[in-house]
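Please build the complex by placing chain V on the supplied structure of chain Y, with the hints as guidance.
There are 2 protein chains.
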Amino acid sequence: MNASPPGLVFVVSGPSGSGKSTLLRRVLAADSQVCFSVSHTTRAPRAGEVDGRDYWFVDEQAFRERIERGGFLEWAEYGGHLYGTSREAICEPTARGLDVILEVEVQGAAQLRQSLAEAVFVFLIPPSLDVLEQRLRGRGTEDEDVICKRLVRSREEIHLVFEDGDGDSPLGSYEYVIVNDDVDRAVADLLHVVGAARVARQRVVASQRQHFGFD
Amino acid sequence: MNASPPGLVFVVSGPSGSGKSTLLRRVLAADSQVCFSVSHTTRAPRAGEVDGRDYWFVDEQAFRERIERGGFLEWAEYGGHLYGTSREAICEPTARGLDVILEVEVQGAAQLRQSLAEAVFVFLIPPSLDVLEQRLRGRGTEDEDVICKRLVRSREEIHLVFEDGDGDSPLGSYEYVIVNDDVDRAVADLLHVVGAARVARQRVVASQRQHFGFD
Chain Y
9 MNASPPGLVF VVSGPSGSGK STLLRRVLAA DSQVCFSVSH TTRAPRAGEV
59 DGRDYWFVDE QAFRERIERG GFLEWAEYGG HLYGTSREAI CEPTARGLDV
109 ILEVEVQGAA QLRQSLAEAV FVFLIPPSLD VLEQRLRGRG TEDEDVICKR
159 LVRSREEIHL VFEDGDGDSP LGSYEYVIVN DDVDRAVADL LHVVGAARVA
209 RQRVVASQRQ HFGFD
Chain V
9 MNASPPGLVF VVSGPSGSGK STLLRRVLAA DSQVCFSVSH TTRAPRAGEV
59 DGRDYWFVDE QAFRERIERG GFLEWAEYGG HLYGTSREAI CEPTARGLDV
109 ILEVEVQGAA QLRQSLAEAV FVFLIPPSLD VLEQRLRGRG TEDEDVICKR
159 LVRSREEIHL VFEDGDGDSP LGSYEYVIVN DDVDRAVADL LHVVGAARVA
209 RQRVVASQRQ HFGFD
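Residue numbers (my numbering), protein chains in the order written: chain Y, 9 to 223; chain V, 9 to 223.
This is chain Y alone, in the form it adopts within the complex:
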């Protein structure tokens, strides 16, 4: 009855080991209106990760050339690797009416707060810091020193988001916090966040005003 409005943008962040990737794969499978913003990274693919689906895996030179060209909305170094979100990764699908979910590290999300003011920001946390530690060790891909640094940093990130009283955290303000203690539940929570954003008043009014003869 009405032209479909441009797609929404959801930024999902959270400490390393909070389970972002698994959550997003499940949400994408459940909602065909949502697509994944594919980030660039210089880190090596993990088992099962596919280039162009999970990340664009590039070498450091290619990554730094893209930075020079202004090709990233955000980029950050994390755990010795570079991660970035290209402008096209967001604009291209939203222009076609698809909602886009970005998975970014916490530093990157803070940068996106500036360039994506309309986006909905979701922070994913593990059920506890002990569980986070178990998950990081369970991967078996990082050495002890890396794991310790990540745990210290994760605790700090969670703390900053929790204490963000006035929405002025240096990590950017998150509208939602999802506890990933049960992945089915966390998937349902994120689908609710997406579904609710689609019926936010100003969005619905923009698409319905003309239909109701208020133009």
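Hints may be right or wrong, so weigh each one.
One copy or two, it doesn't matter: identical chains are merged, so the pair holds either way.
[What the hints assert, rightly or not] Calculated cross-link-like contacts (lysine to any residue; reagent style SDA-like; alpha-carbon spacing at most 20 Å):
| id | residue 1 | residue 2 |
| --- | --- | --- |
| 1 | K157 | G221 |
| 2 | K157 | R209 |
| 3 | K157 | F220 |
| 4 | K157 | S94 |
| 5 | K157 | L179 |
| 6 | K157 | Q41 |
| 7 | K157 | Q115 |
The set of hints was computed from the structure by calculation and includes no laboratory data. Remember, predicted model here, so these are calculated numbers, not experimental data.
Frame of chain Y, contents of chain V only:
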């Protein structure tokens, strides 16, 4: 793992004939964590309506006595009848951790904006004004004069909510607008709104802060 926080409050309003009652019955059946705030009214029960479930049906004298006692958070006259929401109808279930949905007329919702600042306000609209007219006539319970008055008023209510640019509408500010063109879809929309409110950052932080050792 944590004590359950007090329940949330959702105020669902919309023009007469937008389908509020059917929607809410379906949402309640789908989510056992949600309950219905039972309003008082002086209007006669419609076919199938049950006292204490759909409304508390009272006579005008009893209703006015309750007003005198300050027993209503909001009340309004609508279509020649009185409608009101008692304080207990909200506080009693939320104290037990249940989320409460209130179905109120548009005037009543504006009053509740004052007393229930934390509530989530949802405006339900029909797919068009023509459909609204058909629905009101289809009930067969109101005469022509009442139907015409309701249609004029409904258009005005929708217009005020649509044009609420800064959230300062005289009808109160609504966070969400749901178009009731397909009841299954509208039910899903409202369930998303409820589910998203449960993972709003400040709510989750309040229940998790101690668990993460930030107290």
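Hints not upheld, ascending by number = 2, 4 and 6
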